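Undergrad: Taking the hints into account, I'd like the entire structure generated from these sequences.
Chains as they are written, first to last, in our numbering: chain B, 1 to 475; chain A, 1 to 475; chain P, 1 to 475.
FYI, nobody ran anything at the bench for these hints, they're computed from the structure. Where hints are given, some of them may not hold.
No copy labels: a pair is met if it fits in one copy or bridges any two.
[Unchecked claim] No more than 20 Å apart at the CA atoms, straight line, and that leaves these computed lysine to any residue pairs for SDA-like:
(1) K134 - H51
(2) K56 - E66
(3) K132 - V381
(4) K56 - H257
(5) K223 - E455
(6) K288 - F28
(7) K288 - N16
(8) K288 - E455
(9) K379 - I53
(10) K288 - T17
(11) K56 - V381
(12) K56 - A388
(13) K288 - S22
(14) K56 - G383
(15) K348 - I337
(16) K223 - M343
(17) K288 - L334
(18) K345 - S222
(19) K288 - P24
The structure displayed is predicted, hence computed values, not measured ones.
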Amino acid sequence: MGCIQSFRQCCDRPKNTNVRISLPAVCFVWQIAMIILFGIFIRYNEESDTHWIEHKTSNNISSNIENDFYFRYPSFQDVHVMIFVGFGFLMTFLKRYSFGAVGFNFLIAGFGLQWALLMQGWFHSLDPMDGKIKIGVESMINADFCVASCLIAYGAVLGKVSPVQLMVMTLFGVTLYAVEEYIILSLIHARDAGGSMVIHTFGAYYGLSISWMLYRPNLDQSKHRIGSVYHSDVFAMIGTLFLWMFWPSFNSAISDHGDGQHRAAINTYLSLAATVLTSIAISSLSQKTGKLDMVHIQNATLAGGVAVGTAAEFMLMPYGSLIVGFCCGIISTLGYIYITPFMEKYLKIHDTCGIHNLHAMPGVIGGIVGAITAAAASKDVYGTEGLANTFDFMGKWKDMMPTQQGGHQAAGLCVALCFGIGGGIIVGCILRLPIWGDAPDNSCFDDDIYWELPEDEENNPPTVEYNNHMRSNAV
Amino acid sequence: MGCIQSFRQCCDRPKNTNVRISLPAVCFVWQIAMIILFGIFIRYNEESDTHWIEHKTSNNISSNIENDFYFRYPSFQDVHVMIFVGFGFLMTFLKRYSFGAVGFNFLIAGFGLQWALLMQGWFHSLDPMDGKIKIGVESMINADFCVASCLIAYGAVLGKVSPVQLMVMTLFGVTLYAVEEYIILSLIHARDAGGSMVIHTFGAYYGLSISWMLYRPNLDQSKHRIGSVYHSDVFAMIGTLFLWMFWPSFNSAISDHGDGQHRAAINTYLSLAATVLTSIAISSLSQKTGKLDMVHIQNATLAGGVAVGTAAEFMLMPYGSLIVGFCCGIISTLGYIYITPFMEKYLKIHDTCGIHNLHAMPGVIGGIVGAITAAAASKDVYGTEGLANTFDFMGKWKDMMPTQQGGHQAAGLCVALCFGIGGGIIVGCILRLPIWGDAPDNSCFDDDIYWELPEDEENNPPTVEYNNHMRSNAV
Amino acid sequence: MGCIQSFRQCCDRPKNTNVRISLPAVCFVWQIAMIILFGIFIRYNEESDTHWIEHKTSNNISSNIENDFYFRYPSFQDVHVMIFVGFGFLMTFLKRYSFGAVGFNFLIAGFGLQWALLMQGWFHSLDPMDGKIKIGVESMINADFCVASCLIAYGAVLGKVSPVQLMVMTLFGVTLYAVEEYIILSLIHARDAGGSMVIHTFGAYYGLSISWMLYRPNLDQSKHRIGSVYHSDVFAMIGTLFLWMFWPSFNSAISDHGDGQHRAAINTYLSLAATVLTSIAISSLSQKTGKLDMVHIQNATLAGGVAVGTAAEFMLMPYGSLIVGFCCGIISTLGYIYITPFMEKYLKIHDTCGIHNLHAMPGVIGGIVGAITAAAASKDVYGTEGLANTFDFMGKWKDMMPTQQGGHQAAGLCVALCFGIGGGIIVGCILRLPIWGDAPDNSCFDDDIYWELPEDEENNPPTVEYNNHMRSNAV
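TA: Next up, the structure:
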């Protein structure tokens with residue numbers, strides 16, 4: 001008891017937001033560590049190495065176009081845009097936190113992807129011959145995916161944490177992600193092409209748990225800054241639209257070559273289209289005069305992409321995708337209207353961007369849809385070869401039945417939830433230490449803490465003087 | 001006479017902009033209808049189905065890279081960006097209608113593409129074996145194309161209609177488009193890779209006719225809101241540039257594999273480059289001191305992409321593309337200067353975004369250029385196989401001559417015009433009914449009617465009070 | 001002496017910013033010249049010509065997917081986005097020069113790419129059989145690359161020149177580029193996939209030399225306009241992010257099919273990630289309270305992409321890329337803090353966007369890294385075939401050694417520097433003539449000179465009157 005109390009007292013010391021030592025120190029130390037670890041561990045794989053020309057001959061590959069680069073690079077670029085512009089701009093909606101939204105998003109994504117290449121490499125692409133990690137285009141996509149989970153978590157704590165805290169959160173987030181992903185995909189053998197469980201469920205609960213641990217009872221003091229202005233809402237729509245448009249690439253980026261990627265793109269395309277309509281419908285219903293709320297349009301319209309992630313490469317069928325999108329648009333929008341205020345009031349979880357509605361709930365739904373779809377798979381629908389191919393019933397899993405696979409999918413979902421919540425609570429405790437330079441309660445959501453801001457024209461001292469001058473004349 | 005008069009009276013009842021019942025009702029009913037129809041009709045095609053692996057073997061396809069996905073998906077994504085970011089942001093130029101521009105664009109595109117998949121599927125990809133529509137990446141591109149025509153139409157009525165009207169307009173627009181497209185491409189056997197006729201001419205005249213039917217004599221009351229502010233013009237440039245940059249993908253997205261796509265991209269790239277120079281030249285010439293007008297830069301620079309649409313996959317030759325772009329930049333900019341005001345004053349057609357200059361005229365020019373280029377085609381230039389390949393002189397059309405093809409192209413243009421104007425007038429009549437929740441004449445171009453708006457800082461009541469307080473002190 | 005003095009007097013005549021004759025004249029004359037030259041010289045190459053179908057048969061190409069279009073088109077589109085949105089929006093940071101930034105960028109890129117197709121065609125793809133230039137997707141990428149060097153140069157003179165000056169600067173810039181590129185790549189046989197030397201070093205020194213020649217001693221009169229406002233900084237981040245994200249495509253766009261493109265993308269991805277961390281670290285260190293400066297985030301984070309350009313397709317190794325990015329982030333940010341003010345004060349070079357830090361220094365570093373990496377190449381690392389393939393040791397260069405290649409790379413860098421500085425001085429002299437319509441010293445960085453500006457709401461005369469009215473009442 002005494003121990004907890006003294007920890008709490010320690011955490012409640014006055015805040016110092018000067019990050020001049022801590023931020024550069026963290027950046028330099030970690031970047032140098034990355035260089036050393038990359039030097040020891042990371043090499044090109046056979047498709048990005050100059051020996052590709054020999055590899056081609058020895059593997060009877062007829063053309064350079066068979067290089068995985070041409071299968072996946074366009075999708076990689078779309079995913080890359082989602083990570084940096086999509087997530088970055090989606091969070092610019094706050095009236096005075098656009099720099100922090102897009103800038104810190106940039107910082108943690110830039111760091112996270114390097115650490116992700118290492119962590120994921122150790123688990124998935126370590127070459128037993130020479131102990132090196134071999135990377136290629138698929139590694140870059142996976143690194144971006146991993147980073148996505150940390151950016152989702154950032155959404156819950158947007159405006160309330162320092163860049164140093166974000167770096168720490170990303171370091172642990174990526175580490176947890178790699179372990180969780182390894183357990184779900186390799187040990188449990190669940191399939192999760194678009195990461196409903198691995199990325200969204202994990203990332204969202206990780207962020208929510210951290211936000212719970214960092215709960216600020218006096219956040220009301222910054223309440224006037226939680227809101228948008230007209231143009232910041234338009235900026236946020238840039239993020240929304242790039243996420244929405246490129247989500248088919250996200251869900252298909254690492255699916256199987258051929259029909260797998262093709263089908264994943266179609267399913268996601270359809271699911272997202274349905275979500276738009278139901279989000280707008282519920283948004284309009286929720287207001288007295290039927291007016292739409294930009295928060296719903298910016299966020300809930302994306303829920304269908306999250307929820308179709310796991311099942312995107314399965315034979316979900318076009319109408320199945322529409323149904324998933326239909327339901328998620330409703331649930332996500334209702335979440336913004338009812339659940340977010342409830343969570344803040346009763347559960348002491350403040351969720352700046354509403355990631356619970358956009359990622360957590362749709363992610364869990366996605367996991368469940370995946371489990372059901374997998375369990376219902378049959379040779380009639382998939383074909384014998386197609387079934388084995390889609391669910392990777394090969395090697396040690398070659399006798400697996402679709403119903404079993406459904407169970408494995410469900411198990412995967414539980415693992416994602418546990419890692420998200422458990423990891424978030426632990427990391428949240430660490431982040432409560434008063435050494436990270438986060439803002440006091442009355443300065444949250446304010447770029448002025450961490451950024452040199454330009455003098456805005458309307459608040460320009462000379463202009464004010466000029467106005468005063470005019471005013472005195474008038475008087 | 002009496003009938004028309006009573007219709008008119010009925011239409012002139014006071015406006016009620018509350019869409020709280022109608023908008024959600026339309027969204028839900030239509031989305032549920034989509035789910036049912038998709039359940040009955042829509043399945044994956046052989047390239048996106050798990051049976052692809054067997055299809056490959058039986059068709060002697062050597063590699064997954066031969067899946068149509070890899071030929072067309074990058075272009076699809078570019079087209080997708082044009083539809084949602086391109087058209088959406090192009091219309092954000094109005095000072096207080098950015099939410100409506102980008103938000104309603106999102107809504108009707110999300111709905112339209114589902115309905116387009118069905119309508120186009122019934123006409124083009126119904127499998128006679130099982131009565132199902134088989135979809136793949138090309139269907140998604142075509143659905144996006146179809147939606148583009150409705151978004152073009154939206155440009156004419158931007159700010160003057162309710163979201164419910166837009167949904168109705170899109171429902172009929174997509175239906176008309178599918179019929180018109182079937183007649184032009186399949187019955188008449190015209191070629192229209194980039195849709196100068198099918199998409200742009202149809203869409204623009206459809207929108208202009210609707211705008212004519214919905215003419216508001218007292219729109220002057222909202223005149224002060226028809227205009228931009230500095231930053232809304234910069235937002236609109238995002239739309240312009242994404243349309244401009246990705247237009248080569250638009251025109252090449254469904255061209256023939258290989259040289260067809262390649263040539264279409266080159267022709268469009270060149271045509272657009274020439275348009276930029278002549279638009280800017282005419283814009284500068286039109287002002288006393290040579291200043292440029294953002295409206296021209298935002299819109300007229302795109303005319304070359306429209307006009308080269310039909311002929312993009314023909315042997316238009318690089319200089320031919322430049323000539324098309326050269327002329328269209330001039331015509332389109334002159335249209336903004338002279339024809340738009342003329343149409344409003346004398347023809348009672350108010351065209352908010354000037355789609356007559358950006359889509360209608362260049363679309364017709366594109367149709368004519370296509371007809372001439374087709375008629376002038378020869379085996380000398382195209383090669384025997386190339387000619388048959390480019391114009392699809394196969395099956396029942398195998399004896400067709402290029403000159404005949406020119407005639408068919410011209411016929412196609414007429415069909416597009418008729419469908420656009422005829423359909424627009426009918427749909428316009430329907431939209432005049434006073435049940436759709438459109439804004440009164442003094443509240444057009446105002447997001448406040450359909451959107452919950454954030455309090456802007458400068459108009460914030462507390463700030464004003466604070467200023468007043470300061471002011472009294474000063475006095 | 002007298003001659004120089006009279007030239008100087010002539011240049012110091014009062015400025016006339018009316019470009020109503022000169023701008024349209026230049027646009028029309030040059031566009032017509034382009035049409036004529038394209039008519040005489042430019043044709044489709046065998047991959048974009050209808051004879052492709054015969055070419056396929058005669059060259060034993062099994063599938064349309066082998067068309068170069070499918071290897072390069074996705075990268076081309078990314079590069080295209082960098083040119084128009086990336087460079088365009090990066091320069092929108094000034095509070096009142098966003099129209100000029102994005103609009104003139106559009107103008108000169110649109111013109112430049114046509115002239116580049118011709119100039120580069122004469123040097124590189126002239127068909128000796130018929131004297132025609134044959135263009136395809138690679139030509140379009142190269143034209144965009146060439147334009148990039150002129151847009152970099154624009155960064156140095158942003159806000160201080162007229163559109164006519166920019167057109168002239170682009171005409172000469174493209175010409176010089178084509179010659180320099182021919183010397184470096186073909187005569188000297190240096191490799192430069194991402195153009196560290198050919199594009200960035202040349203472009204940056206070209207722009208800086210011009211800025212030096214156009215030095216305005218009284219630019220202080222426009223000082224209050226050199227700065228950003230909150231939203232203009234967010235707009236600039238759109239440019240930054242699209243440049244950052246698509247840089248891997250830039251550096252890999254014209255690399256060798258297969259492993260070359262694959263490796264170039266990976267190296268660039270990693271280098272840029274490292275740059276983000278070190279830029280932010282130095283930015284934070286440079287301020288008393290550790291606050292970040294948006295200028296650094298917008299610009300210095302890109303330096304790693306520039307510096308890895310030449311060596312991107314070599315076996316730089318993942319850790320090598322990180323080291324390059326690490327160093328460049330530091331150097332570039334320090335450049336913004338120390339070198340830019342120094343250059344302005346002591347060297348009389350005013351560099352609006354800081355291209356010396358973003359392109360010049362990293363470009364030179366990139367050239368040096370390329371030379372070292374090439375000199376250190378060995379058959380152990382590359383493999384025999386890989387070495388010949390990567391460095392193109394074929395034909396007349398088949399006996400070249402890696403150490404020699406290192407020397408050739410260094411020679412290439414010197415050529416780029418000479419062309420940039422020399423060409424810039426000459427073109428700068430031409431641009432000093434008082435006939436180009438540039439702004440007087442007190443009207444720089446102001447869109448009002450060349451653009452019809454919308455009345456902004458806050459400065460709206462009616463609103464002001466309304467306020468005055470309220471004020472008098474209050475008094």
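Undergrad: Can you list which hints this structure breaks, lowest number first?
TA: none
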